[in-house]
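Novice: Take these sequences, add in the hints, and give me the full structure.
Chains as they are written, first to last, in this note's numbering: chain R, 1 to 355; chain X, 1 to 35.
The reader is advised that the hints may include incorrect statements.
As the list claims (entries may be wrong) - Dumping the calculated DSBU-like pairs for lysine-lysine here, alpha-carbon to alpha-carbon at most 35 Å: (1) R:K138 with R:K148; (2) X:K2 with R:K342; (3) R:K137 with R:K354; (4) R:K138 with R:K354; (5) R:K104 with R:K305; (6) X:K32 with R:K141; (7) R:K354 with R:K141; (8) R:K137 with R:K148; (9) R:K148 with X:K32; (10) R:K137 with R:K305; (11) X:K2 with R:K138; (12) R:K144 with X:K32; (13) R:K342 with R:K148; (14) R:K138 with R:K305; (15) R:K342 with R:K144; (16) X:K2 with R:K104; (17) X:K32 with R:K354; (18) X:K32 with R:K305; (19) X:K2 with R:K137; (20) R:K342 with R:K354; (21) R:K148 with R:K354; (22) R:K354 with R:K144; (23) R:K342 with R:K141.
By construction, these hints were calculated from the structure, which means they are not laboratory data.
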Amino acid sequence: MFDFIIAGIEAPWFLLVLTGMTVGMVGGFIGVGGGYMVTPALIVFGFPGYMASGIDMTHIAGKSVVATVRHRQLGNIDWVLGMAMVGGTMLGVEQGVRLLTLTKNYGLSGVILLTTSVLVMIGLFVYTQVETQAATKKTQKMEKEGVKVGREVMTSNVPAFFQRISLYPIVRCRTARIVISMWVIVLVGAITGVLAGFLGVGGGFVRVPALVYIVGATTHIAVGTDLLEIVVSGGYGALRHSMMGNVDFVAVLFMIVGAMFGAQFGSIATSYVRGPAIRYILSYSLILATVGAFLRLAYMLTGGKYDVLSFLAVVFTLGEMFFLCFFIMSLVLFAVRYQNGKSVPDWIPSLVVKK
Amino acid sequence: MKWLYNSMIGYWITLLSISLVIAALIYIYWLKDKL
Numbered sequence: 001m002f003d004f005i006i007a008g009i010e011a012p013w014f015l016l017v018l019t020g021m022t023v024g025m026v027g028g029f030i031g032v033g034g035g036y037m038v039t040p041a042l043i044v045f046g047f048p049g050y051m052a053s054g055i056d057m058t059h060i061a062g063k064s065v066v067a068t069v070r071h072r073q074l075g076n077i078d079w080v081l082g083m084a085m086v087g088g089t090m091l092g093v094e095q096g097v098r099l100l101t102l103t104k105n106y107g108l109s110g111v112i113l114l115t116t117s118v119l120v121m122i123g124l125f126v127y128t129q130v131e132t133q134a135a136t137k138k139t140q141k142m143e144k145e146g147v148k149v150g151r152e153v154m155t156s157n158v159p160a161f162f163q164r165i166s167l168y169p170i171v172r173c174r175t176a177r178i179v180i181s182m183w184v185i186v187l188v189g190a191i192t193g194v195l196a197g198f199l200g201v202g203g204g205f206v207r208v209p210a211l212v213y214i215v216g217a218t219t220h221i222a223v224g225t226d227l228l229e230i231v232v233s234g235g236y237g238a239l240r241h242s243m244m245g246n247v248d249f250v251a252v253l254f255m256i257v258g259a260m261f262g263a264q265f266g267s268i269a270t271s272y273v274r275g276p277a278i279r280y281i282l283s284y285s286l287i288l289a290t291v292g293a294f295l296r297l298a299y300m301l302t303g304g305k306y307d308v309l310s311f312l313a314v315v316f317t318l319g320e321m322f323f324l325c326f327f328i329m330s331l332v333l334f335a336v337r338y339q340n341g342k343s344v345p346d347w348i349p350s351l352v353v354k355k
Numbered sequence: 001m002k003w004l005y006n007s008m009i010g011y012w013i014t015l016l017s018i019s020l021v022i023a024a025l026i027y028i029y030w031l032k033d034k035l
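Specialist: Below, the structure written as structure tokens:
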């Protein structure tokens with residue numbers, strides 16, 4: 001146990017390092033900040049809610065720098081796309097926070113917040129799962145026919161529609177290899193920013209699918225570019241939280257020690273897998289976070305009478321982080337085995353990259 | 001048993017079960033008194 005003076009609590013320091021490492025790995029792999037996993041976990045460890053948010057945001061900013069540097073080395077960042085999104089996102093976040101204040105004034109913020117959060121997560125999970133399974137089947141069919149399959153396979157026609165919109169200025173995103181109206185990128189950033197500001201999260205779990213399914217970037221570019229965006233928005237959030245006294249920097253330090261290793265591994269892991277594998281992990285993180293939220297809500301709505309609900313909510317909150325990490329490590333292990341000609345499960349070849 | 005490894009859903013269930021058991025042990029040994 002360690003005495004965190006600013007937070008005013010004692011907490012197991014190794015759990016902070018472990019949380020930083022696991023969420024760092026997941027964040028580096030699917031391009032999210034991980035706030036929807038970390039904040040509930042920090043509350044479970046004993047940190048007050050406002051401090052959990054501040055510590056989370058500050059650690060996200062630091063971890064995202066590590067992951068972004070690694071993704072830049074892997075060639076997964078489109079600077080034009082990233083900078084255009086930052087503008088839209090900042091605008092959207094401000095409107096989202098105002099919308100939240102409006103619902104708070106009517107006394108409805110809790111209900112609307114949870115409902116919106118659940119609907120968005122379930123909607124994204126369903127769409128991502130359906131599309132990714134179709135993409136996996138398409139990959140298997142192409143491999144059977146002897147067609148060479150690249151790193152990205154996507155079946156959605158929605159990006160083609162948005163790329164045809166010819167509102168000036170039209171930008172050429174060289175790394176992402178797309179030509180698209182800048183207003184589409186700004187609008188995507190603004191809408192995802194509104195959701196992020198309203199739900200009080202970083203928004204990566206909405207932005208990455210938006211970059212893939214609306215703008216038409218490959219999953220790897222979407223992950224790297226979103227992490228760049230998180231560096232900017234997370235950095236600003238960290239500054240604001242620390243000005244409000246919401247940050248215990250020793251706790252942040254413990255988390256970043258773990259995140260330094262986790263984020264590097266997660267980022268490098270993307271080079272072993274195809275786009276559908278990243279989208280699968282993203283969809284799993286969404287559905288598990290939704291289940292965890294439901295359990296916490298059930299415990300609250302029953303007036304805290306049933307301890308088993310609290311136990312399940314805590315176990316799910318921690319368990320989902322470990323599950324996602326183990327899955328990512330498994331994918332890398334199976335990818336290395338597959339590249340060396342060793343036996344792997346039947347579902348692996350369509351998800352990993354051949355040398 | 002092979003289904004737990006050769007099928008994606010089976011592997012998902014296996015990993016989730018292991019993760020939840022580890023989380024439960026962490027809760028019981030280090031966090032139970034805090035809540």
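Novice: Which hints, by number, does the structure contradict?
Specialist: Failing hints, ascending: 6, 9, 10, 12, 14, 16 and 17.
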